[in-house]
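Participant: Construct all of the structure, not just a fragment, from the sequences and the given hints.
There are 4 protein chains.
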Amino acid sequence: MAPAIRRLRIAVSGLGRMGARHANHFLHRTPKAELVAAFTPAENEVVWAKENLEPWGVKIYTDYDEMLKHEGLEAVCIATVTTVHAEHTIKAIEAGKHVLCEKPLSTKLEECYQILETAKRNPHIKVMCGFSRRFDSSYLNAYDLTLKGNIGRPTVVRSQTCDKYDPSGFFVAYAEFSGGIFVDCNIHDIDLALWYFSADSKGKVLPMVKSVMAVGVTALEPDLAKHGDVDNGVGVVEFHSSQIAYFYSSRMNAPGQHDMTEIIGTKGKLVVNSNPTTGLLENHSDTGVNREIPQNYYERFEQAFVEEARQFTAVVLDNEEMPVDLVSSMEAVKIGVALQESLRTGKKIFFDQQGNKMDDARARL
Amino acid sequence: MAPAIRRLRIAVSGLGRMGARHANHFLHRTPKAELVAAFTPAENEVVWAKENLEPWGVKIYTDYDEMLKHEGLEAVCIATVTTVHAEHTIKAIEAGKHVLCEKPLSTKLEECYQILETAKRNPHIKVMCGFSRRFDSSYLNAYDLTLKGNIGRPTVVRSQTCDKYDPSGFFVAYAEFSGGIFVDCNIHDIDLALWYFSADSKGKVLPMVKSVMAVGVTALEPDLAKHGDVDNGVGVVEFHSSQIAYFYSSRMNAPGQHDMTEIIGTKGKLVVNSNPTTGLLENHSDTGVNREIPQNYYERFEQAFVEEARQFTAVVLDNEEMPVDLVSSMEAVKIGVALQESLRTGKKIFFDQQGNKMDDARARL
Amino acid sequence: MAPAIRRLRIAVSGLGRMGARHANHFLHRTPKAELVAAFTPAENEVVWAKENLEPWGVKIYTDYDEMLKHEGLEAVCIATVTTVHAEHTIKAIEAGKHVLCEKPLSTKLEECYQILETAKRNPHIKVMCGFSRRFDSSYLNAYDLTLKGNIGRPTVVRSQTCDKYDPSGFFVAYAEFSGGIFVDCNIHDIDLALWYFSADSKGKVLPMVKSVMAVGVTALEPDLAKHGDVDNGVGVVEFHSSQIAYFYSSRMNAPGQHDMTEIIGTKGKLVVNSNPTTGLLENHSDTGVNREIPQNYYERFEQAFVEEARQFTAVVLDNEEMPVDLVSSMEAVKIGVALQESLRTGKKIFFDQQGNKMDDARARL
Amino acid sequence: MAPAIRRLRIAVSGLGRMGARHANHFLHRTPKAELVAAFTPAENEVVWAKENLEPWGVKIYTDYDEMLKHEGLEAVCIATVTTVHAEHTIKAIEAGKHVLCEKPLSTKLEECYQILETAKRNPHIKVMCGFSRRFDSSYLNAYDLTLKGNIGRPTVVRSQTCDKYDPSGFFVAYAEFSGGIFVDCNIHDIDLALWYFSADSKGKVLPMVKSVMAVGVTALEPDLAKHGDVDNGVGVVEFHSSQIAYFYSSRMNAPGQHDMTEIIGTKGKLVVNSNPTTGLLENHSDTGVNREIPQNYYERFEQAFVEEARQFTAVVLDNEEMPVDLVSSMEAVKIGVALQESLRTGKKIFFDQQGNKMDDARARL
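Residue numbers (this note's numbering), protein chains in the order written: chain S, -10 to 354; chain Y, -10 to 354; chain B, -10 to 354; chain E, -10 to 354.
Source of the hints: derived by calculation from the structure; they are not laboratory data. All clues stand as given, with none of them false.
Given that identical chains are not distinguished, each listed pair holds provided it fits within a single copy or across any two copies.
Straight-line Cα separation of at most 25 Å, DSS-like style, residue types lysine-lysine; simulated pairs:
| hint | residue 1 | residue 2 |
| --- | --- | --- |
| 1 | Lys191 | Lys323 |
| 2 | Lys323 | Lys337 |
| 3 | Lys97 | Lys346 |
| 4 | Lys48 | Lys21 |
| 5 | Lys346 | Lys336 |
Facilitator: Rendered as structure tokens:
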């Protein structure tokens, strides 16, 4: 018996690592969504899709534009390589499809502006950048407590993204397109800082960046230097609102993925994932007490991705406001790109109260 | 487009608290299952089902026997009140349906035997008692490590089931049918002890109980005494295989649900949930560092229930062996019932090597 | 310049492992005590004392009775083998010396009575059994919170003493004199149960034991059976006051010493040392996150022993009440001995409200 | 009987909060030291000393120069206000006394140089700055593991010093002389970074600072701005050896003192005090699971201060090398002062490979 339920007809663009996961989430774990189509230009991904999606009634496309014409299609989840995020997002909006775009919107600020402009011209279309951590229950609890004033004014955010070391050299090749460690990894942390700091105004005012500064080293992968990138980065961001965020990212965390965040307020502090762990098991042996930690981002945030899919779906169906603000997502790219520039030049970079980068002469006044 | 996938057509019997959850799991979170029907005799549950299940194509029945005749039905998940578990299970088996029955199979040992006999007469039918903890990732990891010999020979199991205090008096009324705290709560812990101890023989040999002894108090609910029950119980079970399990159960845990288990071997110890927590958030305030814990069994084990549904479905579809052995599930009831008797009489109860209870005279030899 | 401070002149009897530590604590870490003498019959301990105590002005004796005559001696700390605890304690009391005696007072209940009688006849002499855990800051905090009513009525105590496995076979030889695992290890846990349960009456009423029951296995040291002992024991003690304590002890804990205690009340629970750790260091490596734990009892409780010495000294100097009640210390032995008997016979043992053991016939009424 | 033991005759200068503690440590908890004298210019401290030190044979002075002439005096522990650290240290060295000086040596770099020069001219005199954390067992274990190569090359150090909020306004008045939050609080963290990074060369090479950058806010105490100080500071220090340290300090940590450090290497990470706690007690109540944390620096590091006194004493008596290198202690001040300057000016500050600060023009090349 076919469901009499109104479900959102969605497609996934890109079936790589994250794309395949998104497809599964919409297909099997988002009751109110119906995955109707998927696009990938990669042959091996088409093979996977024929086996894993087609039998469930999902139509597979190798041409993105064709897919956008799929009958009844209402929304697209974009999980292609970062370099085409912007193009696919803009096309989808113009075709009248709601968009959930993987982070970052783009590694180029100009492209972010174009997305924003396109979205403004199509106000009935919902566009959200998929900052998955915002849908993790611990991060959500922290936000609710911050909103309620439990920690007073959120003043300092510390946040880190640390990947397990991958000896295959993957990160070096990846660095060519990733936008660099601050744009690829710390973009999550930057987004969180913007989110938690904005809780001070109940989410109404986005804090304005005042200065950024970054340093880094290539401890294990000297070849990263070719792309102006590092495997360990430290960044500090000041806001005009007397709030400070500082970040750490690493590609060499030995036990696995360790992302953590502290929101420090005038009356208290909320800490998410100070003690990383895979589950609730501890192993007492003659070497001491041991626990394992998630091996990658997905092991840590699987439920958050599922929740992201559910909330995106619900928001579109109910015509409500997107939980992640698009301007904030662009601001995150702006800060990430500036940190990357500071890393490269060794200079501290200043912004005026309107959000414009100040040249050296002005900054020195 | 309708899926071309072979899915298990399943029904849920009983739509109370757990029944409604099972229905949702099979409907939305078990891709290879298709929830086709549901039975409940309760009017308010019918209302819920009309709103939440029927629109998804699920047929609602108020007569269990009628539901068993639903066309194409292959399996039933039984989540009615414990007192009809056995009857529904036996009827389903005899109607040729595979069965996933909520724990315990029955609070009466005689009924467990009847289920077992019925199952033996219908060897092509899969029957599993839903000991959900066995599908929790931390418990599963612990089992794998035990199987691999990481802790040497599993020798002692400590396990507890502690519910948040419910001031409504619910537990008092519930005690009339629950079978008592050892049969209702510690049945999980008993099942775990049987499971982990059997890992010593790679799962081939179920340990044989040698003696049981229990004590308890009614600290907050003196009326429990009417049903011969307590709100805090301690039980100790010896096995003929020189293994010992000891249990604690409580109905008055202040912060919430705290179930935990230690598997102690000759070379190490595995501890599941020594540090209960809702998630990964800690709150640093002027009263110290605080974290919340799950408020009930479902908050703690939601993923395990989903995994249970998935594994049951996969096992039936692939015609493999059930992950929870039916004889073991009956043995758990036997031990639970004996603990309850020991609690009531104050006596230690002995069993011979064949599993028969010894009368006092023989036990004293 | 010699101090003008009034200090307690104390001697230590026995300079084995714990005796040498006690000597050091009184010599160097108890400002208001002056270690003036030490006794040991063992030649190697005399050598150690000549090197480590004599240069600090401590007189070394090889005859206990002679030491008791040391001019100005006011108190004795008894840390000899358990078998002479009672004899030394009684002699010291009769010589007018205050006594701090290592636990247990004796493994024989009759000897405990003799100590008690002797103490009663000499009411101006202070006698305390050194239950060191009572001087640990975490246990003390737990007691204060229990006294204040934070957890409501203390109802259930769970407590364990787990030693690191010693492959030398030491425990087997030791079992001949130790009194067995419940008298040697769990005596601490029994003492803690008596202490925390008595907090219900602000320390005025000692709970009366109603029944005891114990089981055990020899998992690694089958030779323990020669002495009627085990390397893993579980014991349960009921009190007439509707309070229950249950204990676990082990000689095979892989990572080190893990002693822990839960005090469970009608409104909350206090947990001491659920997460054993040597200090505040965690090691994140490619095998996960690891921490070490104390290797033995002294590593865990060193500060408690020092505090015990300080409090004993202060109490004698100020003529106040001993922090550990002597009757309670004897009751702990009584319960420990009964658990050991239950372990040996397999029987549950009952006590009447006056504290007398009931024979089987009476117990069965 | 007077000890026949060779003990170090030491005096304490300054009997304020830390001075009184140092006096007690040398008097009662450092067996091989003999506290013979103490100096304080403060009347209330003299009263305290008459009551607490004099009866133990300690001579009290109100003139520092007089105290230095105390017969037989061999060493001085300097715990006066920071502003006279340098003067007292230099005088003591010139009088032929070994010196343990509280941190920092001075808030003025010039004075640090003078101490260093004086020490060089008196090579037989031992001089150590009391960086107490280096004597904490967890920090020591982390150093040993780093030395052994467990974490590969130490590459990044994160370290924080967070004080409990003191609503009395103490910190504002204190800021006038403290040198600022980076010199007063993070000086410990800077010292630790120098220590752990130097482990890469087995302690032979001190890493050379390349750049420093700091930001901060006054979240609770706007009056700190009068002294150019903040109540929350973030600082980043690059070294020419491709190592990075980043620091956080706060005066508003709600639950108490939370100092923590991560040493991140190419193969692993050591974390000290990620989970602050007062002891081993957890409180499970209807608001969740709670633990307290130390209320101040001394509660956290008491044992480290005692160990510092013992090691200083042992090193002097045995004529060995001081565990904390004096050049490193001066370098810590240099970095702290530079961070403070960066905080004030908003500029990043650069140093050449010889350790000289570069002016803007050179830095921009």
